[in-house]
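> Please construct the entire structure, taking both the sequences and the accompanying hints into account.
Each protein sequence line maps, in turn, to chains A and B.
Numbering of the first sequence is given in the working numbering, commencing with residue 3 and proceeding in unit increments.
Numbering of the second sequence is given in the working numbering, commencing with residue 20 and proceeding in unit increments.
A couple of the hints might just be wrong.
[Stated by the list, open to error] Label pairs and their computed distance ranges (CB to CB):
(1) A:186 <-> B:202: 31 to 39 Å
(2) B:152 <-> A:357: 48 to 56 Å
(3) B:192 <-> A:224: 54 to 62 Å
(4) A:177 <-> B:289: 35 to 43 Å
(5) A:162 <-> B:258: 32 to 40 Å
(6) B:179 <-> A:143: 46 to 54 Å
(7) A:387 <-> B:177: 48 to 56 Å
(8) A:184 <-> B:85: 49 to 57 Å
(9) B:206 <-> A:231: 23 to 31 Å
(10) B:188 <-> A:357: 53 to 61 Å
(11) A:186 <-> B:289: 54 to 62 Å
(12) A:214 <-> B:179: 36 to 44 Å
(13) A:243 <-> B:79: 34 to 42 Å
(14) B:177 <-> A:177: 19 to 27 Å
[To be verified] Below, simulated DMTMM-like cross-link-like pairs (lysine to aspartate or glutamate); rule was C-alpha separation at most 20 Å, straight line:
(15) B:306 <-> B:295
(16) B:152 <-> A:269
(17) B:152 <-> A:208
(18) B:117 <-> A:155
(19) B:270 <-> B:289
(20) A:221 <-> A:208
(21) B:117 <-> A:280
(22) B:117 <-> A:269
(23) B:86 <-> B:73
(24) B:86 <-> B:289
(25) A:185 <-> A:269
(26) B:117 <-> B:132
(27) B:282 <-> B:228
(28) B:117 <-> B:236
(29) B:283 <-> B:273
The hints are simulated quantities; they were obtained by calculation from the structure and are not laboratory data.
Each residue gets a CB set at the ideal place from its N, CA and C atoms; glycine is no exception.
These are the residues of each chain, in order.
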Amino acid sequence: MSAVLPGAREAAAAAAGALAPALPPAPPAPRRAPGGGGAWTGVIVATLAVTALAPLLNLVVPAGSAFHLGDYALALTGKIMCYAICALAMDLIWGYTGILSLGHGLFFALGGYAMGMYLMRQIGRDGNYQSDLPDFMVFLDWKALPWHWALSDSFAATLLLVVAAPGLLAFVFGYFAFRSRIKGVYFSIITQALTFAAMLLFFRNETGFGGNNGFTDFKRLLGIPIAQPSTRMVLFVLTGLVLIGFFVFARWLVASKFGRVLQAIRDAESRVMFCGYEPVAYKLAIWTLSAVMCGIAGALYVPQVGIINPGEMSPAASIEIAIWAAVGGRGTLVGPIVGAFFVNFAKSWFTQAFPEFWLYFLGALFIAVTLFLPNGIVGLLRRAGGLSALLRRVRGGRA
Amino acid sequence: MTPELMQAGAEARARAAARSADSGYAGGRTVSYGRRVEPGVVDLAHGRILYLEDITVSFDGFRALNKLSLDIAAGELRCIIGPNGAGKTTMMDVITGKTRPDAGSAWFGSTVDLLRLRESEVARAGIGRKFQKPSVFERLTVFENLELALQADRRARAAVAARLSLDQRERIDAVLRRIHLAGEAQRLAGLLSHGQKQWLEIGMLLMQDPQLLLLDEPVAGMTDEETERTAELFRSLQGAHSLVVVEHDMKFIEALTADDPGKKVTVLHEGSVLAEGSLAAVQANEKVVEVYLGR
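Here it is in C-alpha cells:
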C-alpha cells in the first residue's frame, strides 16, 4: 500500500495541474456554453501544458526534482484524457440533444479493439508461443487468422476501422431507433442492452477477440517499442491534442445553427418537426459523431493502458461516462471534461485509500450532484462567478 | 341502374351544383381541367385550401373523429368551437400528420394528400401549427427561437454552415416587433410569461409564413389586452393566409368575427360537425345550445 501512495500524491498534483487549464473562467453570460475569450485562453493554456509542459516535466526534469512529473501520473492523466473525450461525446448527445446513451462504452471498446488487433499483430513472433498468430489463437489451437482479422496488419486500415466500426454500428442502430421514434428512458435501456449483449459476445472465445482476457502484452506500435518513455509521451501529447481538437470542434458545432436545432430537439422535439425539420437526420448525425469520438478515444486508450477486454463494454462502464458528464455539468462542453478528471482522479485516490468504499462514494456523488448541483461543478462555479460579479456590482453601486 | 344509385347520382349532381355557386372562381383563375401540378405550389383553383372528408379516428374503440368532413376556403379565418372531447385537437393531429386516421381523406389544396406526409413534410408544404400548451425552445433565446422557424434549408448539412443574412435579420426583427417581444430578444424563452410564450409561438408561425395556420386555443392564459391584440393580429392575417382557430373563449370568437358578422363558425361535437354558420346563427342553434348546456 505504502508503495502506491506516493503515486497517488503525484496523481493529485497532476490533477491540480491538469484541471487548471481545463477550467476556463466562467463566461459572463451564464447561459451560453461557448463563452467569450475565456475558453480560448483555456484552450491555449491546455495546449501548451500538453505539448510543452508535460514532456518537459516528465522527460527533462530529473526524477529527484520536486517538479518531476512521474510516469504514473503521466499515464493516469493520459488515460483520463481518453475518458474526457468520451465525456465530451456524451455531452453532445445527452447535454445538447437530450438523448441519454448508456451504451457509449461499447463504441469506446470497439475503437479500442480495432487498435488492439493491430497491436496484437505487431507482437509478431515475440509472444509466448513464438507463433505468427496471437497467443490466444495458438492456445485455442487455431491454424489461421479469422476473416475479421484480415485488415489488422495495416495501420492505415486500423485507423479506418477505429472510425468505421463504432460509426457504422451507431449509424445502423441509430437509424432504426430514431426512425421508430424510440425516446427517453426506452432509448437508454436499449443502448444499455446493446452494450451488454456485445460484452457477452466478446466474452466468448469463438468470437475471435481473445475472450475474457481480451488483448494485452503489446510490444510495438508502428515497429517502435510501445513501453519506452518517448512513445508514451507521443501518445500522451496526441491524446491531449485530440481532446483539445474535439473540444474546439464541439464548441464550433454547438454554436452553429445545427447545434441550435439539437438544443431545440432537446427542448421540444414536436415543435422542431412542425417547424419543418426532420429530427431523425439531426439525431443520427450527432449520435454517429458521438460514437466515432468514443471510438477514437478507445483507440488512444489501449496503447497507453496496454490492455483491452470486454470489461470496457460492461453496463457500469457506460453508466460511468454519463456520471462524468453529469458531475461536471451537462450542456457546457467544458463541464464533462472537468467531470471526467474530477471523478477519475477521485477514483484513483479512493480505490487506493479506501478500496471497498469507492462505489459507495461514486453513488453518493451522483446523488448529491443530481439533488444539489443540477448543472454540475461548472454550474456551481458559474453561479459563484455570477455571485461575485453581483457583489462587485453592489459594492460599486455603493461607492 | 338501381333506384339507390340513381338517387345517389342525383344527390351528387345537386351537391356539385351547390358547390359551384360559391367556389367557381378563385385565385384569379376559373376552374378548368388540365392544370399542371407544380411542386411547392398549393393548388387553390377550387378555392379550397383544406378538405377533410369522412375522417374517422378511433382510439381503443372510442371514436375521437366520426366521419368528419370540413373544408376551409383560401384566405378564410374559420373558428371552430366545441365542448371538451369534441375532437378538435385530434383533427389538428390528423391534418399535421401526427395521427393517421382509420378512414377518410385530407387534402391541402387540390393536389397535396396530407395523409401521405410526415409532420415535417406537412410543415414544409405550408401548414403551421400552434399547440394548445405553448411549445417553444425554452433554453434558447427568443431570437434563436424565431431564427429556427425562419424559412430556410431544413437539412442538417445546410444547418452546419447556415449564416443569417441581413434580410433575414430584418425579418426576425419585424416579427419581434409584431409580437411585442422586441425588448426580450436575448432572453431565454423559458423565462417568458405564459402569454409571451404564446406570442412567441405565434411569432414562430409567422416566421414560417405558412399558407394555412392551425391555432389550438391560442389565447389560453392571456390577459384581456393580449387577447384583443391577438384577435387583431389574426384578423390582419386573413386573406393572405388561411387560419383555423380552435377556441373555447367566446369573447375571443366574437372579436375574431367582429369584422364580418357572416363569417363561418363550425361547431364540433363527438367527432363530427354539429353546426356551421355565422356566430349568431350557431349560437341560436338549438342543438348547439343543448350540447353546451347539457341535456
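> So, for every hint listed, does it hold in this structure?
Hints, verified against the model:
no., hint, in the structure
1, A:186 <-> B:202: 31 to 39 Å, "holds, 36 Å"
2, B:152 <-> A:357: 48 to 56 Å, "holds, 51 Å"
3, B:192 <-> A:224: 54 to 62 Å, "holds, 57 Å"
4, A:177 <-> B:289: 35 to 43 Å, "holds, 41 Å"
5, A:162 <-> B:258: 32 to 40 Å, "violated, 59 Å"
6, B:179 <-> A:143: 46 to 54 Å, "holds, 52 Å"
7, A:387 <-> B:177: 48 to 56 Å, "violated, 36 Å"
8, A:184 <-> B:85: 49 to 57 Å, "violated, 32 Å"
9, B:206 <-> A:231: 23 to 31 Å, "violated, 54 Å"
10, B:188 <-> A:357: 53 to 61 Å, "holds, 59 Å"
11, A:186 <-> B:289: 54 to 62 Å, "violated, 33 Å"
12, A:214 <-> B:179: 36 to 44 Å, "holds, 42 Å"
13, A:243 <-> B:79: 34 to 42 Å, "violated, 58 Å"
14, B:177 <-> A:177: 19 to 27 Å, "holds, 20 Å"
15, B:306 <-> B:295, "holds, 11 Å"
16, B:152 <-> A:269, "holds, 14 Å"
17, B:152 <-> A:208, "violated, 55 Å"
18, B:117 <-> A:155, "violated, 51 Å"
19, B:270 <-> B:289, "violated, 23 Å"
20, A:221 <-> A:208, "violated, 25 Å"
21, B:117 <-> A:280, "holds, 13 Å"
22, B:117 <-> A:269, "holds, 18 Å"
23, B:86 <-> B:73, "holds, 4 Å"
24, B:86 <-> B:289, "holds, 10 Å"
25, A:185 <-> A:269, "holds, 13 Å"
26, B:117 <-> B:132, "holds, 14 Å"
27, B:282 <-> B:228, "violated, 23 Å"
28, B:117 <-> B:236, "holds, 18 Å"
29, B:283 <-> B:273, "holds, 12 Å"
Hints 5, 7, 8, 9, 11, 13, 17, 18, 19, 20 and 27 from the earlier list are contradicted by this structure; the remaining hints agree with it.
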